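Trainee: Use these hints to put chains B and C onto chain A, whose structure you have.
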Amino acid sequence: MSTIELRGVTKHFGGFTAVKNVNLAVSAGEVVCLLGPSGCGKTTTLRIIAGLERASAGDVVIAGKRMNDLRPDQRDIAMVFQFYALYPALTVRDNIMFPLHVEGLDAQTNAERVARVARMLQLEPVLDRLPNHISEGEKQRVAVARAVVRDPNCFLFDEPLSRLDVELRQTMRGQIKSVLTGLSKATVIVTHDQLEALTMADRIAIMRDGVIEQIASPHEVFARPTTLFVASFIGTPQMNLLTAQFDGVEGTHGRFTVDGQPIRLAVDPAVKRLAKGQVTIGIRPRAFIPEGAGSADTIAGRAELIEPMGAETLIHARTPLGSDLRVVVPREIKVKSGDALSLRTDARETHVFDGSGKAVRT
Amino acid sequence: MTDMTVNAPAGSAPSARMPLTRRLRFGRSASGVGDAGWGRTIGATIVSLIYFFPVFWIILTAFKTYEDALAVPAKFFFTPTLENFAQVFSRAYSAGGPVQNTGFALYFFNSLFISGVSVLLALAIGTLAAFGFSRYPLKGNDTYLFMILTTRMLPAIVVIIPIFIMFRVTGLAGTYLGIIALYTVFNLPFAIWMMKSFFDELSPDVEDAARIDGSSDVRVFFKICLPQVLAGLAATAVFGLILTWNEFLFALLLSGVETRTVPVAMSQTIGGDIGVRWGLLAAIETLFLIPVIVVTFALQSQLLRGVTFGTIKR
Amino acid sequence: MTTTTDIPQTAPLLQRLIALRWDNWQGALIVFVIGTALAIASLPPQVSFWASSATAALFAVTLIANAWGKYVGGLLVTPALALLFLMNVFPLLWSFGLSFFSYKANRAHAPTWVGLENYAKVLSDPDVWDRLHNTIILVIMTVSLQMVVGFLLALLFSKQFPLRRYLLILVLTPMMLSFVAVGAFFRYYYDPTFGLLSQAVRIFTGRPFILMNTVWGSRIGIVFADAWMWSPFVMLLVLAGLVSVPKYLYEAAAIDRVSGWRQFWSITFPYIRGLMLLALLFRTIEAFKLFDLVFLLTNGGPGTATETIALRVYRIAFENNKTSESTALAYILLFTVIVLTNLYLYFANRRAKEVPAS
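Residue numbers (this note's numbering), protein chains in the order written: chain A, 118 to 479; chain B, 570 to 883; chain C, 34 to 391.
If we strip away everything but chain A, and leave its shape as in the complex, we get:
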């Protein structure tokens, strides 16, 4: 079965620990994205799976076999590099065919496989060109073709779309996704672009400082982030984060002091068990419902900058004590700069994070 499993994988570079005790299981046909900011250890983790780095501790299991001591060429994996790593002296055709040499098939079979893959990725017109005579997007597709022409245990992608422009990225996202769905192999994609992760992954593993903070489906990660970091990393515009003092629960509402203002907000039932003290409240810009002035249980603010975004409008607001708020409303709701706002949310959209950054949720 094409699967990948990392059990307690750790990697030290001298005194610096890049990957700390990472556990990951990717099943056949599943696409998992390693998402995170620069330096979070996602690329190192990928390279450990590939065999380009050796794990300091833990097990790397691919297709059920422990692979810690095996070199990359012994693992039967395919990888698409960030810089494509196309062999500059070989034509596109020869590049794609390169990994097939070791399989010892006859020329006819090789040619067929290359042709099939080239058709799948629309590379037929450039098969006889050299890598430096094709466009960036074509280079990317050749790199993917070279990986896909094989029948490996799994696929690894290192920032595959980072070098493409926005339009090309959109096209390629869809194309890669459809290519991958066809072949039921475990796939790991490393990226720092959350949009890529949200659209291509079955599950996203968000990493920070060598640790996986949360691994769940895109929807789960968006709607129910387990840590403050995940909450602020996922979602554009960024989630609003307000420091508040928690002062107990009244029925379905919690009592908070936000910006010096006492306020009651509808929260998740689990918040009852939280000790009083400092917390962080997270609310996504689109979760706000503007209500009439002076309504109860709302957050007050004054609109400062209005950014029309077409179907929606982004409002930059400020609370009385100076905290920034980003609010996104449908364009039908007209707000002017200087208007006073009363913003309501519901319990599911009001995320409460305790002092250590963990979400308080059932």
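Just so you know, these hints were derived from the structure itself, not from any lab. None of these values were measured; they are calculated from a predicted model. Please note that a few of the clues may not be correct.
Stated by the list, open to error - Short, incomplete list of chain C residues facing chain A, as computed with Cβ under 10 Å:
no.	residue
1	Asp-224
2	Phe-227
3	Tyr-281
4	Asp-289
5	Val-291
6	Pro-303
7	Tyr-377
What the hints assert, rightly or not - Just a sample of chain C residues kept apart from chain B, beta carbon distances all over 12 Å, derived:
no.	residue
8	Val-64
9	Leu-119
10	Pro-241
11	Ser-264
Even for Gly, the Cβ is constructed at its ideal location relative to N, Cα and C.
Mentor: Below, chains B and C without anything else, positioned relative to chain A:
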């Protein structure tokens, strides 16, 4: 070569939070020099020592007495003496004769002076010319450059005779000016080609920004362009130095008694005395070798980069 | 003479050439060429030299005047070009002219025109062809050896390992020795009585080994010394190529399960091919000019077996004092080198266009 940013690692850019060791590792592991362990060190040491052996033997001979140097079987262990080094500078020219100053101090000075000045001149003139060729291309640019390259290929023999006559006629023979001018011209083609390819590599944006900020062309050249091409300067200097330091033919024919360089003096030492005084010769060469090694070692890291740039981008 | 207005380009050619202006460098060039030819033909060398130099100086002045202000680039470039012209091109042209005359440096009379006689004499001289034969053999032997050894050394140093910096310097030292020292000491090493080579062989055969008294022995002796000196140069160039290959190409090849041999041919070789060609070019040219080492090691011996063309030119010029004959021979050598160079460059550029890797 467009999609290869050699300094960017596959993945994320090294963040400032990362310790220096990791950042260096990222930078280094992205280029071709991978790591090999002590096995290769042992192999390389053996090969290097074998390759170095003839040089080693010369240095060893410098410390031997005349008899030891000619000993059969060859002596690896012997009582070292510094006599040869002393004799470099003053010795008796015939058995039992008076001890005289050999003038080698002057010859060493001459070599240093002549090589140093000509290399510096070649760098100065050549860099300016390279800058001109690069930034202000003239119509006949390619022709000029090709001509310059071909002058480097001239067999010395072809120009030696007219230059010899020229020097005699103009009275330049035996003067510092003459030989320095000649050596400068030897080093110019290489300097120009080398520095031009370096200048071609520089992005003009930085210079434009500086000009907009009000710097004059001269300031732009010295404060912005020059610091970026140090590797080229280093490589040119080292190769130029090696070339002129060891140059023999022209020095033989064109330098006078006062301006004699060490290689010429060395060849006379071979001919003159009783047999060949190997120890003495070895001592001279050992002393002569030191400045070159020092300069090369000091500029070593720049040297390799310089050789790359000077030749790949033709 | 004026410089305020340009000579209109539409004016007839002749008028442009003879215009008396400081920046009329074309006119000055014509004066130089004609003047030099006349001077060499009619005046003793000492005087003709000064006359020719005067016209050359005029030419240089007009060039500078032409460049001033109009071409900053021209100004920057002028000192270098002037120096090169003075010390290289001028003597070259002068000696080229001289090769058509009969002139001996140690006689006082003016040169007499002999046309192509010198060239004919040189080309029909069987000795010359013999020397050419010697030179070619030496060139092939030493360049091949240098390329192989240099390449192997580069492979050795292509990865980072402890002590690499210092070992590299050790290997580079042969290049830094003076020819005199190398020539003298290799004679010492090859000496039958106390030379190291003979002693080493004697361990096995019990008899002294004489290398330098046979034709092929002395050739091998020269080639060995020359290749030893210059292989590090080839190594530097090849190393530069090896180091420039991006590491991720090898990583991709590892993942593609590509064998080491195929990795070398498909990935590494295209990067170093250009540099190896360059090393080949430079070392071949230098080998053709082989003089110093041969002069010091064998002085052309035994007999004339190792006398190279360059050495022969030197002999004719300075020992036989047949100055103009030697210039004719020297020019033949020069043209050979130029032709070879252009051939190399032509092929190198063609290959460079095909493979864009470097």
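Trainee: A separate judgement is required for each hint: does it hold in the structure or not?
Mentor: Here is how each hint holds up against the structure:
A hinted interface residue such as Asp-224 of chain C counts as satisfied when its beta carbon comes closer than 10 Å to some beta carbon of chain A; here the least separation is about 50 Å, so the hint is violated. The restraint placing Phe-227 of chain C at the interface with chain A is violated, with a minimum CB-CB distance near 53 Å, outside the 10 Å limit. Interface restraint check for Tyr-281 of chain C: the shortest CB-CB distance to chain A comes to about 5 Å, inside 10 Å, so the restraint holds. A cut of 10 Å between beta carbons decides the hint on Asp-289 of chain C: the least distance to chain A is about 4 Å, and the hint holds.
Interface restraint check for Val-291 of chain C: the shortest CB-CB distance to chain A comes to about 6 Å, inside 10 Å, so the restraint holds. Because the closest C-beta pair between Pro-303 of chain C and chain A is about 4 Å apart, less than 10 Å, the hint holds. Restraint check, Tyr-377 of chain C versus chain A: the minimum CB separation of about 21 Å is more than 10 Å; hint violated. With a minimum CB-CB distance of about 20 Å to chain B, Val-64 of chain C clears the 12 Å threshold, and the non-interface call stands.
For Leu-119 of chain C, the condition that its CB be more than 12 Å from all CB atoms of chain B is violated, with the nearest at approximately 8 Å. Distance check for Pro-241 of chain C against chain B: the nearest CB is about 9 Å away, which does not clear 12 Å, and the non-interface claim fails. The beta carbon of Ser-264 of chain C sits about 8 Å from the closest Cβ of chain B, which is not more than 12 Å, so the claim that it is off the interface is violated.
Of the numbered hints listed earlier, those contradicted by the structure are 1, 2, 7, 9, 10, 11.
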